[in-house]
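J.: Protein chains in written order, with my numbering: chain A, 240 to 529; chain B, 2 to 174.
Hints were generated in silico from the structure; no laboratory data involved. Keep in mind that this is a model prediction, so the values were computed, not measured. Keep in mind that the hints are not guaranteed to be accurate.
So, partial list: chain A residues that the calculated Cβ filter (under 10 Å) puts toward chain B [claimed, not checked]:
no., residue
1, Leu287
2, Ser305
3, Phe308
4, Pro310
5, Ala471
6, Asp507
7, Val509
Think of the CB as a built atom: it goes at the ideal place given N, C-alpha and C, for glycine as much as any other residue.
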Amino acid sequence: MLSLVLTAALCSCTDSPAPPAPVEQASEPVSTSGWFAIQRRDFTVAYLLEGVTRDSSSVALRVPASYAFKPSLPAGERVAAGDLVGKLQLRPDVKSALEARAASSRLDAAELERLLAKEGSVSAPIAGTISDGTEGASIEAAGVDVIVQLSPIQALRYESLTFVGTTTVETVVGTREIECSAISVLPDQESADGRGEVGAELRCRLPLGVETTAGLRAQLKLVSEVIPDAIAVPNEYLSYDPIADGYTLTYVDGDREMTLSVDLGPSDGVQRVVLTDVPTGVRLVRPAHS
Amino acid sequence: MRRRTSPSWVSAGIVLAVGLVATGCASGGDEIVPPGTFDGLDPRVVEEVIANPAMLETITATQDEVYRRGFAQGIVINVIACRDALRVLEEWRATGVRGELAPLPLPRDPVSSAYEALLDSHEARRVALASGEIAELQELIDGQGGCGVGVPAVAGDLSGPSVADRAHSAAGP
Chain A
240 MLSLVLTAAL
250 CSCTDSPAPP
260 APVEQASEPV
270 STSGWFAIQR
280 RDFTVAYLLE
290 GVTRDSSSVA
300 LRVPASYAFK
310 PSLPAGERVA
320 AGDLVGKLQL
330 RPDVKSALEA
340 RAASSRLDAA
350 ELERLLAKEG
360 SVSAPIAGTI
370 SDGTEGASIE
380 AAGVDVIVQL
390 SPIQALRYES
400 LTFVGTTTVE
410 TVVGTREIEC
420 SAISVLPDQE
430 SADGRGEVGA
440 ELRCRLPLGV
450 ETTAGLRAQL
460 KLVSEVIPDA
470 IAVPNEYLSY
480 DPIADGYTLT
490 YVDGDREMTL
500 SVDLGPSDGV
510 QRVVLTDVPT
520 GVRLVRPAHS
Chain B
2 MRRRTSPSWV
12 SAGIVLAVGL
22 VATGCASGGD
32 EIVPPGTFDG
42 LDPRVVEEVI
52 ANPAMLETIT
62 ATQDEVYRRG
72 FAQGIVINVI
82 ACRDALRVLE
92 EWRATGVRGE
102 LAPLPLPRDP
112 VSSAYEALLD
122 SHEARRVALA
132 SGEIAELQEL
142 IDGQGGCGVG
152 VPAVAGDLSG
162 PSVADRAHSA
172 AGP
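Take the sequences, apply the hints, and build the full model.
T.: Below is the structure:
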């Protein structure tokens with residue numbers, strides 16, 4: 240009884256004219272107590288999450304926020320896994336904004352190049368029937384997903400990166416490690432919690448041949464794309480500027496403190512990629528709100 | 002991932018406290034629980050817990066000696082372990098580097114059923130930390146039934162922020 244009681248209980252971009260800085264590589268962020276030194280490194284995110292299997296009727300086609308999906312087949316068409324179903328195109332507003340800044344910002348030019356490189360054909364992640372529902376295009380096909388509940392902020396973060404996923408799940412032939420056929424993040428209107436938040440679900444579709452069923456616990460390992468040679472800083476060092484409606488970083492330059500407007504990229508929840516050029520090696524100043 | 006657990010005995014005790022405040026406590030809590038209950042635990046935290054009316058109410062709410070010893074040890078250990086989890090969370094946020102949780106404090110004579118539950122909670126925090134998803138660890142501290150609800154972030158500062166409040170504080174964009 241006591242253990243039960245206790246278990247329950249315990250249970251806007253700045254075209255910064257920064258001088259070219261020497262590129263440094265670091266496998267870990269560099270910090271000491273009270274300050275953080277900027278370095279460049281490859282940024283990637285890896286999560287190991289607990290989920291549960293559930294029957295599912297469709298797989299959403301993933302359309303990152305900077306892109307628009309242009310279908311090449313009508314709704315109702317049958318497709319096989321790997322069939323082309325449309326194109327991802329960089330949204331015109333995103334493209335024109337980056338193009339306008341690219342001439343004076345090396346990083347904006349690189350970001351534009353990176354995003355344009357991801358334009359192209361979209362293949363059906365699984366076999367099924369194309370659907371164009373209210374939540375976007377999807378492939379209708381019955382199967383089993385591994386579901387991980389996300390908070391709204393987590394969902395926003397996860398949507399900003401591309402992940403590959405591997406799940407460890409019990410099957411009729413024992414526990415197996417299986418690569419997800421598709422990963423999607425969808426709003427979960429039924430998940431409103433005590434704080435009034437409407438969450439989201441991250442879904443990993445299991446391949447058809449996996450003999451498992453709904454209602455089982457599963458572990459999901461997600462590994463993101465790599466953003467090479469990135470600047471990433473702890474969120475705590477970023478300040479919001481309500482007048483400019485953007486974020487700033489403050490760093491020590493000799494005996495002066497310099498504040499720089501910055502554009503931000505993906506976040507792992509702790510650190511955020513800074514797209515604007517910031518001199519490497521400088522010490523960041525932690526804002527008072529932190 | 003969002004976890005929603007039942008309100009903890011710590012937070013429930015604090016929320017439901019009706020002001021039963023023992024007086025004349027001996028240092029070390031020997032008049033609250035049998036001698037030796039707190040042996041092996043940080044005496045400063047023991048004194049803090051006994052001086053905290055809500056926590057004391059939780060301990061004294063039962064007449065059963067084993068339960069009382071279990072609650073007493075559990076609250077002290079929870080305060081220590083949860084502040085340590087907050088330390089790891091805040092260092093992670095500030096530096097981008099994931100640290101490690103300190104081992105769970107071990108009383109000299111633990112009430113086994115209570116201690117097993119504490120070990121489970123500690124393991125859950127360790128798994129959350131290892132997940133790489135900071136929201137997982139934060140949820141175990143400031144979520145419903147989280148270990149930091151009702152635990153003063155600073156020892157003895159009953160009017161200041163709780164461990165849960167600190168964990169919930171804005172972490173930036």
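J.: Hints first: check each against the structure and report whether it holds.
T.: Consistency of the hints with the structure:
1. Leu287: holds, 5 Å
2. Ser305: violated, 17 Å
3. Phe308: Nearest chain B Cβ about 27 Å off; hint violated.
4. Pro310: violated, 32 Å
5. Ala471: holds, 7 Å
6. Asp507: The hint holds - Asp507 of chain A has a Cβ within 10 Å of chain B, the shortest such distance being about 7 Å.
7. Val509: holds, 5 Å
Against the hints set out earlier in the document, violations occur for numbers 2, 3 and 4.
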